[in-house]
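A.B. asks: Sequence:
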Amino acid sequence: MELAFSGEVWFWRGPAPHHFVTVPDEQCAALEAVAASVTYGWGMIPVGVRIGGTDWRTSLWPKDGRYLVPLRVAARRAEGIELGDRVDVRLTVDV
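The numbering of the sequence shown is this note's numbering, which starts it at 1 and goes up by one.
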């Protein structure tokens, strides 16, 4: 399954601070439909991510009925991504 969307980069200051992009509702519904067959626990969904020319593997974080894409520091640096930027995200879920 491949999904594409745009979203704004935001920062969570929690105990483990991190940058994220929230998956839009429409794509969250598609992810929810396959979640039970791909999650490895706690609702986490392993995915391939592509922003610009940078690819990496991570897991989507479930939060309040939606999913969050964590942005690696190396990917943000490679693509020059800053807080508040709008980025185009491509997700690949192995179903």
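You may find that some hints are simply not true.
Calculated cross-link-like contacts (lysine to any residue; reagent style SDA-like; alpha-carbon spacing at most 20 angstroms) [unchecked claim]:
1) 63 with 38
2) 63 with 32
3) 63 with 10
4) 63 with 44
5) 63 with 34
6) 63 with 28
7) 63 with 33
8) 63 with 43
9) 63 with 3
10) 63 with 9
No wet-lab data here; the hints were simulated from the structure.
A.B. asks: Are the hints correct? Go through all of them and say.
C.D. replies: Do the hints match the structure? See the list:
Proposed proximity of residue 63 and residue 38 is supported: the alpha carbons are some 17 angstroms apart, at most 20 angstroms. For the proposed pair residue 63 and residue 32, the alpha carbon gap of about 12 angstroms is at most 20 angstroms, so the pair holds. Of the supplied pair hints, the one linking residue 63 and residue 10 holds, its CA atoms being roughly 14 angstroms apart against a limit of 20 angstroms. With a C-alpha separation of about 10 angstroms, the suggested pairing of residue 63 with residue 44 holds against the 20 angstroms cut-off.
A hinted pair counts as satisfied when its Cα atoms are at most 20 angstroms apart, and residue 63 with residue 34 qualifies at roughly 16 angstroms. For the suggested pair residue 63 and residue 28, the alpha carbons sit about 11 angstroms apart, so the restraint of at most 20 angstroms is met. Distance restraint check for residue 63 and residue 33: the Cα-Cα separation of roughly 16 angstroms lies within the 20 angstroms cut-off, and the hinted pair is therefore satisfied. The suggested pairing of residue 63 with residue 43 holds, with an alpha-carbon distance near 9 angstroms, which does not exceed 20 angstroms.
Under the criterion of a C-alpha separation no larger than 20 angstroms, the hint pairing residue 63 with residue 3 is consistent with the structure, at around 18 angstroms. Between residue 63 and residue 9 the CA atoms are separated by roughly 16 angstroms; this keeps the pair inside 20 angstroms, and the hint holds.
In this structure, every one of the numbered hints holds.
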